[in-house]
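*Asks:* Each chain, written out:
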Amino acid sequence: MSLTKYESTQREPLVDGEKTYHDVTVDICHTIEVKPTRLWYIGFYISVAFLCFGAFAVYREVTYGIGQWNLNRTVGWGWDITNFVWWVGIGHAGTLISAILLLFRQGWRTGVNRAAEAMTIFAVMCAGQFPIWHMGRVWMAFFVMPYPNTRGPLWVNFNSPLLWDVFAISTYFTVSLLFWYTGLLPDLATVRDRAKTKLRKLLYGVASFGWSGSTKHWQRHESLALVLAGLSTPLVLSVHTIVSFDFATSIVPGWHTTIFPPYFVAGAIFSGFAMVQTLMLITRKVMNLQDYITLGHIEAMNKVIVLTGSIVGCAYLTELFMAWYGANLFEREAFFKYRLAGPYGWSYWLMMTCNVVSPQLFWFRKLRRNIAFTFIMSVVVNVGMWFERFVIIVTSLYRDYLPSSWPMYYRPTIWEVGFYLGTFGLFFTCYFLFSKYFPVIAIAEIKHVLKTSGESFKDKMEPLEKEEVEKFAHEMAH
Amino acid sequence: MAVKKFVVGCFEDEKILFPAVKKVRQNGYKIHDVYTPFAVHGLDHAMGLRETTLHTAGFIYALTGTTTALTFISWIFTKDWPPNIGGKPHFALPAWIPITFELTVLFSAVGMVITFCYLCQMSPFIKKHVFHPRATDDMFVMVLEVSDRASEDEAANFLKSLGALEVEAQVAEEGWWLGRYDKATLAYERGQKGVIA
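Chains as they are written, first to last, in the numbering used here: chain A, 20 to 497; chain B, -7 to 189.
Hints listed in this document are in silico derivations from the structure and should not be mistaken for laboratory results.
All residues carry an ideal CB built from backbone N, CA and C; glycine is no exception.
Wrong hints could be hidden among the right ones.
[Said to hold, decoys possible] According to the in silico footprint, chain A covers these stretches of chain B (three or more CB under 8 Å from chain A):
| no. | region |
| --- | --- |
| 1 | 20 to 32 |
| 2 | 35 to 46 |
| 3 | 66 to 79 |
| 4 | 92 to 105 |
| 5 | 146 to 159 |
| 6 | 163 to 173 |
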């Protein structure tokens, strides 16, 4: 009798190689226990350099005012909000992988969920920077919090989507952080119990909260993970819905559409998975984790990319159709005259190519399983998704109702670009530190699926399965 | 916390562990706990633990969040600071749903994690006795509580007969205390570990 639930041998193994539980621990803890490689140092210092440049760009913006950016009369939102939406979108994949795929019982999530969740947290941290520094007088940022104050009874506007965003993003960040960290506790305890140096014992001892692996604690841990997943699933959908409300509840032609929430959510998952691919392909190679993040994982994520890319494509076409069918002159002009064509037409077609046309290549299995191609595609998709936000924001704003207030061609200053590059610095600095000091793969969860989905265990299952189908199914299926 | 005598048996496979747990319980031994490197499904039932009610706590926290958001916003927008937004009703429930939802989730998640940490007595700088360092690696560690020397030997032999790879008697403090993992916290812990078998 087997205690583990039977997994068909038709399915690809989730863990390659002859692994025991101990091998899993050793493989994943290895990078924490040795000195970082030269490649790690190079990448880390480059990230820190970008971060410093970004900090300087922000310093300029705070000291000299928002005029350091090229925002103007009608383009009041430019690169900053584009970057904000882009980063928030990227931040959606982690919770999708860890929460929605947990509810759907997708075994392959175990290989990538930890790093994807970390990526979510770092991306949301980057996203949060933009609206905060865009406030201009950032020292008053706390005004967005509702608290009794001496400014008369002056409260925040609870009917405003911008305030909904404050709540959505901060809740999302908090819940993702809790989800990620509670999942980390058992793995940090594993590192602690293996630690040879005093410092490591101390730090991981503190970080693991005294986790012991008691059965009762595991039972509560499982319950907690399940409920947090159940909470995060609507949460992740609500966050980008609310981000889309920032636009959709306005009356600006090009923003004022009801399709925005599902369209934004699909786009967020699309770009988030692309970013997960970028990071995972590098991580598995540099850290030698090819046995845990297998071609099967990469293919599964590419399938999500082609699905969400197609949904996004449908949304683009629906938008165009409604702009024509709705018979609203302003909306029609906004789309057909100033978005598809006009001085920013190039950005629209770049977006179309990157987001709608190129992901269709993933219908070919060979390309889905090609690492180099996947890597290039993951970057292409994120470039496309950045341009999607740019198209939505800038091309809806640069032609106002009054031709007299039509601005000059909006292009960012070096400090606007620098701020964006700075968030890349922040993101990758955090990711490098995470990959060095934390288990990048959920050790306990891999062990949990090892005996059902590990390659060596599946191999043993095959002859058994062939012997007597009926008997086998009866014994193993429960 | 009380210092007690324990017999620690290490199993390397859950297939051996489950029947062992069953036999140990049948023979009237007191299982202190079973420490596993990952969540072994069904082990809690095999040990006779009751279901956790953590999710109920989560539900209550969620309701608290919903109530807090709704009462707070409606008090502000209808009593304390009623804004005139184009003559629309002050009680604008549909517009409050996003924040109400977010606070529901936030209260539930934060409350549940705090409750989880409280129930499992977990926090930074909390230390617990580690019965076997490989319990978080690749061993399923069953810990029995014993009262005297005779039952200690008997329990150890019994665990061996059930397929435990290593069996060890330990005198340890149960529960938690404030401490660091890089320091041996209690002096008596050293020198009293005797490996039987």
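*Asks:* Please list, smallest to largest, the hint numbers that this structure does not respect.
*Replies:* Of the numbered hints, just 5 does not hold.
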